[in-house]
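**Student:** Letter by letter, the chains look like this.
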Amino acid sequence: MAVNAEQRGPSGEGMWQRESRARHFRERAIKIVLAACAYVSVLTTFGIVFVLLFETVNFFREVSIVEFFTSTTWSAAFANPQFGILVLASGTLLTTLIAIAVALPVGLLAAIFLSEYASPGLRRWLKPALEILAGVPTIVYGYFALTFVTPLLRETILPSMTIFNALSAGLVMGVMIIPTIASVSEDAIHAVPRSLREGAYALGATKRETATRIVLPAALSGIVAATILGISRAVGETMIVAVAAGNLAQLTANPLESVQTMTAFIVQVASGDTPTGSLTYNTIFAVGSTLFVMTLILNIVSYVFVRRFREAY
Amino acid sequence: MSEVSGERSGIGRDQGDQPSPAPKTEALGMKTENLSAFYGAFKAVTDVDMEIRPNKVTALIGPSGCGKSTFIRCLNRMHEVVPNAYAEGCVKLGDRDIYARDTDPVTVRRRIGMVFQKPNPFSKSIYENVAWGARINGYRGDMDELVERSLKRAALWDEVKDKLKKSGFDLSGGQQQRLVIARTLAVEPEVILMDEPASALDPVSTQKIEDTMAELKERYTVVIVTHNMQQAARISDYTGFFYIEHMNDPGRLWEFDETDKIFSSPNRKETEDYVTGRFG
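Residue numbers (our numbering), protein chains in the order written: chain A, 1 to 313; chain B, 1001 to 1280.
Think of the hints as simulated: they come from the structure by calculation, not from any bench. Please note that the accuracy of each hint is not assured.
Example chain B residues on the side facing chain A (calculated, C-beta under 7 angstroms, incomplete) [said to hold, decoys possible]: (1) V1081; (2) V1106; (3) R1109; (4) R1110; (5) M1114; (6) K1118; (7) N1120; (8) F1122; (9) S1123; (10) G1133; (11) I1136; (12) N1137; (13) V1187.
Here a beta-carbon is modelled for each residue, glycine too, at the ideal position from N, C-alpha and C.
Please model the entire structure based on the sequences and the hints provided.
**Tutor:** This is the structure:
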């Protein structure tokens, strides 16, 4: 020890300083690169919101905001256009409700099975297999709805439904978001500590009682987050509804008829020959803003819920 | 109290002999014969023969990793909850083999409760933590009364009686552990297994749990795993010493006797070395 200290002596002191300066620089550089990446995504989001708002304001210079939210007709491309967002919102709501009605029970039960009942080996390949469903391009789902599900339903139980309809689109959209709900819920359920399950077993609880009355309540916040994530995906889903739901803007609660969702309308206008700056062109920004606000509210609700009802364990 | 025991039926209890409304003070004892426990191919405990006397506290001591916890988990079939784990041999509650083919482990665990090393209250209110187990077991009596009685027996009532609606997680670690004891008592088991119940607790909380032990054995048979030899000497009537002689051997019950005997004049040298603190 003593010999070492002597050998190093003064030169050791200088090396110390040099090293520390170089390290300090490296640490700062890393921090700046990381921060830049974080800010890029945040700034991009702000940029998008700004463009949306800017064009939306242009739209509302020409169209009354009251009419936008109260009119029950949507005829943006006609000579005497009417802009009732309720019509498109009802299309979105209808397809989303159908999708959630499919995806929530199936996804949640799949999550319970994977976490509580499946053997570790089965879970190891079943969960990734389920998640592959989430990687199927949505255009494939769209044509699956149009060319398989609709003909199937028409030939079997629902001969009265139109070729383009909300039901098929909603059902297939539900299939699309099953992996999201199942996978995120499964993570939440699986994260409930084993000690909680053992506590229930030690009281003479059956597997079912343990799963439904101890584990599920403990994982509730994660399950709600999964559900809202699923709803967000359904609300924002575009290709399936654009292909299979009919693009007919009508106010209806009948899932056997054609509807147009907000996203499908944006696709329709954006892929047409609408001149930039025209009223119809600005419409897509107003619709986009509405969509943005809706998903934002969903995300906030999810955030608040997760924080408020998070059960410690 | 009596109506609770009167209502219960199930394995091991000789109902013919006793008039059913008899107050429950006598619990059932347990017995293991040639009990071995496995995790997959690994044998963790081998050939344990032990008689657990009713209404007594039996302490299980020994160095870490010698199978005490595994053994105690075999006593209410919690061992097999771990994937690939299983037990061989015979474990009796009273006269009934709890590993018999026609015995449901759920029924076994209703009769043989368990308190774990780390407090594991449910994410429910204090009241619900105690009531839940009794409710799923079909308790039909006065739930408020049962909750109060169970919390009193676990020496927790005075500290929580004004906040029964609060979450079980709002309690301190020691209080949580007594809450877990209370919820176990609410099911009215015959036997209470405790796997190092005080190892994660401070001395004051440990003291409170030890204090409840003497009262618990009035009504229940108690088996407790502990690393704390003073604790074993203080609270137990019988002591079993688990030991592994060679690395990778399964754990064995090295010596089993009355606690006084184990701590004053044990028969085997390893036991003496351990209780006098020479190793472990």
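**Student:** What are the numbers of the hints that this structure violates, sorted from low to high?
**Tutor:** Per hint list: zero violations.
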